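**Student:** Combine the two chains into a complex, taking the hints into account.
Listed in order, the protein sequences are those of chains V and C. Just so it is clear: in the first sequence, position 192 is 251 by my numbering, and no numbers are missing. Just so it is clear: in the second sequence, position 141 is 144 by my numbering, and no numbers are missing.
Quick caveat, the hints were computed from the structure, so don't treat them as lab data. Note that the structure is predicted; figures quoted are calculated from it, not measured. Be careful, since some hints might not be right.
To be verified - No more than 25 angstroms apart at the CA atoms, straight line, and that leaves these computed lysine to aspartate or glutamate pairs for DMTMM-like:
#: 1; chain 1: V; residue 1: Lys-312; chain 2: C; residue 2: Glu-23
#: 2; chain 1: V; residue 1: Lys-195; chain 2: C; residue 2: Asp-212
#: 3; chain 1: V; residue 1: Lys-109; chain 2: C; residue 2: Asp-166
#: 4; chain 1: V; residue 1: Lys-116; chain 2: C; residue 2: Glu-169
To be verified - Coverage of chain V stretches by chain C, computed from C-beta distances (three or more under 8 angstroms per stretch; other residues unrestricted):
#: 5; region: 304-318
#: 6; region: 366-373
#: 7; region: 416-429
Cβ coordinates follow ideal geometry from the N, Cα and C atoms, glycine included.
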Amino acid sequence: MIAQLIFIIILAVAVYFFGKNVSKIRRNILLGKDTDRNDQPALRWKVMAKIALGQTKMVKRPVAAVMHFFIYIGFIIINLEVLEIMIDGIFGSHRIFAHPLGGLYGFLIGGFEMLAVLVLTACIVFLCRRNVVHLKRFTGTEMTQWPKSDANYILITEILLMTAFLTMNAADYKLQLLHFGHYVTAGSFPVSSLLAPLLPGSASALVITERVCWWFHIVGILCFLNYLPYSKHFHILLAFPNTYYSNLNPKGKFTNMASVTNEVKAMLDPSFVPENNGDPARFGAKDVTDLTWKNLMEAYTCTECGRCTSVCPANITGKLLSPRKIMMDTRDRITEVGNNIDKHGKDHQDDKSLLDNYITREELWACTSCNACVEACPVNINPLEIITEMRRYIVMEESQAPASLNNMFGNVENNGAPWKYSQADRFNWAEE
Amino acid sequence: MNNEPLAIPTMAEMAAQGKEPEILFWVGCAGSFDERARKITRDICKILQHVGISYAVLGTEENCTGDPAKRAGNEFLFQMQAIMNIQVLDGYNIKKIVTGCPHCFNTIKNEYPGLGGNYEVIHHTQLIQQLIDAGKLKAEGGESFKGKRITYHDPCYLGRGNDVYEAPRAALEILDTELVEMKRCKSNGLCCGAGGAQMFKEPEPGKKDINIERIADVIEVKAQVVAAACPFCMTMLTDGVKNQDKEQEIKVLDIAEITVRANGL
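Just chain C, same shape as in the assembly (with noise of 0.2 angstroms):
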């Protein structure tokens, strides 16, 4: 493993210098803050490092997205904030941008032009899809996963939401592991439990959480490794993994971490 420490350009440092990246990373809330959630930023950054991608991040500029506040019906809030991060996009100049979270994702490509923002954006796993079939991005020279089963989780903002099932499979796909599937896959997938806002307050009461029924899942198939793709789910699923006290058998690891891992980066 490269313990080097990152040197992650911001956007203010790149627009001193007369420079505009390729390609935003919008990191979320949850990247920035989450203890977790942040290694998995860190990697993102060490994949489009490793690719030599031109790209920055706007640090301390970046304000939540006003997703979780417009699934719960605060519309005013979720406007005041598009409009607010549309014009520091703007004044950016910003094209492109990729994102590290598919609630970011969904609501920026998606809700952000109604208001007057328009940029071409993707998630992370659909870049790290586009390098694999570019041939920048292999699985050699790290961890290896073969023989391991390994089973993908569906965030809803990404799968349903955005009919984007095949991306983040392929980033499994080259391992050279036993990819299996639930259940409830791709369209049919069942939520993690922390979507519509569901993250930021108690559930309803009822029989039993989400996540302890999404695991039920995960355990069915036998997965050694449940691959997600989103911080909301990643925090649902290991909580349900400890829940189960399948935290030695089960491992729960983002696409980024684990193409991090296989690539040894």
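The shape of chain V in the complex, shown without the other chains (with noise of 0.2 angstroms):
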């Protein structure tokens, strides 16, 4: 009884503080500009079915991919051994599932426990490549001491998930073949079985084993529960919803700025009056909240991978760029700004901004808007757009655009293209 209630305050604060955290991360999203996302629900859909659900675009890195595979589908069906385990905490009961589902019961923690060792091995595969043999998609000065140990702390709490739910198994299985209690037996444990000769005898210690592992497998993931929202590991619920609203257009369409056609429109036609869609603070992006909603979503979805960086031209061949950066930098900044909130009140305002603070000019000049960031990332995030927005920033706010182009700016603007020839030799190459 004291055990159950200890359970339920447990499982009740767990709940509270990953839902008040959630909600402060969904506040700070909508901090972004509005865009609109919802047209077109069928293929959004699809979209999400496929990227995230279905994984698509994890299998262009084929080992990462199955080992990845590993996690994920172990994650999702081992959780309905957390719905069992729930259940039995809230209530008292012992494997409650065991009875009812009788045989299909033992089938299932059989598969619960060979998925068990695949993610074990998966962990383990994917510790090594950080630690042992360095990858170099992993290092980068944007991977610095917090995001390499945020990984290591992801893969080790699931290799000891893992490990206390075996052996949880391995007890109670033991516990079975004596026929102990209220241990019923519950199928043939494929994988347990093969560590209970590991496990004391004593029915006493087996049952201790089997409670000490029950708590820790439990609480451990309550507590996992609630390092998602400061950690990167946040993208096992944000691949979804950033998915759903991922961009439908070709990859080259930029966005068309609303607010310039306006300008324009009354610079070419004085008597034009322009539709009042309410005016823009700035033009381009210098903060965080000068972005949409969505690239912020991007921010606390991203999961650091690199597949983004290391396809990157400028990147490869040693320039400060590095799509991850943007991503991870954008996050920092929209997560400081949600603290400044938190403490001073919604106008406070900390003379710091994502351009210059977090990413410099070198960065964005060094983007070739070639998309091979956006190709290559698993979840559809788009730090090509973000560079754009902070390029349109540099050059419409403050004219601070490179010598170069703004000799190039001048020829389009005097001559119709952007090198110094004269318009009326555009059609000189006819008479070649």
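**Tutor:** This is how it looks when you write it as structure tokens:
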């Protein structure tokens, strides 16, 4: 009875804090400007099913894809087991599904155990790739101590959770063989039965082992749940809405700024009366709140895998630009802005901005807008949109484009071509 | 080779005669001014004339689409250019456009509709594919590419930007040649380094230039010809080949040039 009470309190506290942190992230995302991503719902569901659920963009790197698939499918399916643990915890039952499901239960548990082994294997391979092999993709200026530790914490936690799950089953299995207490026979336990010989023989020691692992497993899961909002691992949730709200246009199509259209039309035709769509604070983006909510959602979705940076032509050839850093900087800055609001109120200004304090101009001007990063992202994140918005701010608000680009602008404006040739010579090619 | 002077019809002439061409050939700034790209422009005209499509160009009435301004962040300048160009295009009642440049193609096709300019836009490699499919273009009567190792460099704004991967390859597949793919091709293609207005500025400091990185891919597959479909890629790849002293071994040719050569136009 006391155990049930403690369980319910822990569960309630975990759910409360998780909810609180998620709503904070939601609030932060909605600090972004509006953009309409609600058209074509049928297509959006399809994109989400394909990219997030089906993980079709992962397969470009087959080893990572297979390992990631083990963890992903393990996570989803083993959660069925967590449902049972929750019910047992609240009602003080033990393996409540064992009796009603009968033979199917043993089959399911067997499946969970196999998956647990696959998850364990994948986590160990992933740890080796990061810490032993030192894959280039997991290095780079933005991969400082915290992102590296974050990745390791996630993998180690998953290893501990799976180990606890298998040890718990092993102790349970052994108790079943002893026909001890309420430990009903519940299947063959294909993996944990192999671990059983390693455990103590006495029933009381086995009960302690089983209970400790049970509590460690479920409390561990609840702690992990609360770690998510602070971690890149949040992608397991945001991958779904993020792909649902994907850009459905061809990648080459950049947005046309409506605020500029109004000004240009007014300039070309003095009788033009602009539609009032609320004057924007500024052209382009200086800080995260100038970006759209979708840009900010993408920042929180990024799991720092570095596929974008590894295909970026600027990064490959040694330039400062790293698309992953663009996303990580955006997340760090919006988190900072959110924390400022919590501490100092809604209108607090901290004299910092995404431009210059986080992302330098040198990074922004190194982009070739080739869309390789957008193509590479397994969850359809678009770093190019953020880069473009920041270029727009630098050019249109500050007039601080590199001198050679200003020359190009001047040529386009005066000669109708980016080079210094006369418009009258434009058709000379026909006479060669 | 046929060296007769080309008579290039302009929209203004056509309009004066009360005629409307089937398709407008949008030449682009590089195609109008860059020495190498001008040859490609003329080759595209040769193809159009060879198959007897009624076409015209804007000539001196053509203007930059605004693409480099837009990628560099100058939305004002882009929209000024776009709205002026749309006025010219609509003034001639233009419905269908073929471009010689993936940047012009992308801009007119994707970004002009939002500003009121709605046209059916294709890139010249798509036109070539359509002509091949219709049996109007073959690869005979000209230079033989038989047995040559040819690779194709995907321009970003044609490939990833607009998912056009097969049309340019179709133009190479009819050549009876050995088409080899670089390790970074199609949606994984590596940029030549010129996009996003990089063509008009010096690169940021780094270990090497992007076109040198790309040429290494070309050298790796031992290609004798690297086919391009974009005037900016053409410049970058040609410079890369020169930089690596491979001018004798590797030729950079546009899909239109290859088509013209193969057909002896």
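**Student:** Could you run down the list of hints and mark each one as holding or not?
**Tutor:** Here's how the hints hold up against the structure:
Simply put, Lys-312 (chain V) and Glu-23 (chain C) have alpha-carbon atoms about 29 angstroms apart, too far for the 25 angstroms limit, and the pair is violated. For the proposed pair Lys-195 (chain V) and Asp-212 (chain C), the alpha carbon gap of about 20 angstroms is at most 25 angstroms, so the pair holds. At most 25 angstroms may separate the alpha-carbon atoms for a hinted pair to count; Lys-109 (chain V) and Asp-166 (chain C) meet this at roughly 18 angstroms. The straight-line distance between the Cα atoms of Lys-116 (chain V) and Glu-169 (chain C) is roughly 20 angstroms, inside the 25 angstroms bound, and the hint therefore holds.
Using a Cβ-Cβ cut-off of 8 angstroms, 8 residues of the region 304-318 of chain V lie near chain C, which meets the minimum of three, so the contact claim holds. Proximity of the region 366-373 of chain V to chain C, defined as three or more residues with a beta carbon under 8 angstroms from a beta carbon of that chain, is established by the 3 residues found. A count of 7 residues in the region 416-429 of chain V with a Cβ less than 8 angstroms from any Cβ of chain C is obtained; the coverage claim is therefore met, three being the minimum.
Violated hints amount to a single one, hint 1; each of the other numbered hints is respected by the structure.
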